[in-house]
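Novice: Based on the provided sequences and hints, a complete structural model is requested.
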Amino acid sequence: MSQDEIRQSLSYGVYIEHSRSIKLAADENNKTFYKIANEFMTEKNRVKGLGLLSSSLMLYAISIELILKAVALYKETNNIISGEIKTYNDFLKKLKGKNNNGHEFKSIIEKYSINLTNSDLVLIGHLQDYTIWAGRFPFPIKENEIIKLENNNGSFGASLSLSYINEIDNIIEKLVDEII
1 MSQDEIRQSL SYGVYIEHSR SIKLAADENN KTFYKIANEF MTEKNRVKGL GLLSSSLMLY
61 AISIELILKA VALYKETNNI ISGEIKTYND FLKKLKGKNN NGHEFKSIIE KYSINLTNSD
121 LVLIGHLQDY TIWAGRFPFP IKENEIIKLE NNNGSFGASL SLSYINEIDN IIEKLVDEII
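Residue numbers (the numbering used here): 1 to 180.
These are calculated hints, taken from the structure and not from any lab test.
All values derive from a computational prediction rather than experimental measurement.
Please note: incorrect hints may appear among the correct ones.
Here are the simulated SDA-like cross-link-like pairs (lysine to any residue), alpha carbons at most 25 Å apart as the crow flies [to be verified]: (1) Lys35 - Leu24; (2) Lys142 - Asp129; (3) Lys142 - Gln128; (4) Lys48 - Ala37.
Specialist: Shown next, in the form of structure tokens:
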């Protein structure tokens with residue numbers, strides 16, 4: 001099997017493209033968030049803004065997860081070509097290991113020795129919960145995490161500021177450059 005014969009579900013290029021497309025969708029969501037934030041604050045706009053904030057951050061987090069998985073797939077290319085990894089489930093089993101749901105950024109970064117700066121890791125850490133629960137639910141499952149969240153008035157450190165979004169874009173493109 002050659003690189004050209006790799007299944008789409010195991011092609012790092014597909015994951016790069018999907019990461020970029022999800023990031024662009026998040027950018028559009030973010031524009032709508034700022035538009036609402038600059039309007040008269042009604043209850044409807046407050047609730048809409050809350051949904052746009054959560055969904056934008058979830059999409060940014062998913063774009064990071066996808067680019068990390070693209071790097072992992074790239075680094076597994078020889079195992080894919082040799083047939084050691086035949087399916088996406090085979091890849092996930094190798095990716096997950098024990099006690100991992102496949103969405104754990106830190107374990108993907110460590111397992112595949114992905115080169116990121118400390119500030120990249122901090123930003124990625126802020127977004128981690130948005131792939132697991134924060135983009136979909138108001139609170140996590142674990143009580144100790146709920147208490148921590150309640151004590152911080154719901155703040156994780158993630159942001160929709162232009163500089164924060166630019167950092168997300170820089171991480172994605174830096175990792176793409178390492179692959180291509």
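Novice: Are the Cα positions of Lys48 and Ala37 separated by 25 Å at most?
Specialist: holds (9 Å)
Novice: Hey, Lys142 versus Asp129, does the alpha-carbon distance stay inside 25 Å?
Specialist: holds (12 Å)
Novice: Given the hinted pair Lys35 and Leu24, is their Cα-Cα distance within 25 Å?
Specialist: Cα-Cα ~17 Å, so holds.
Novice: Holds or violated: Lys142 with Gln128, Cα cutoff 25 Å?
Specialist: Distance ~15 Å between Lys142 and Gln128 Cα, so the pair holds.
Consistency note: the structure conflicts with none of the earlier hints.
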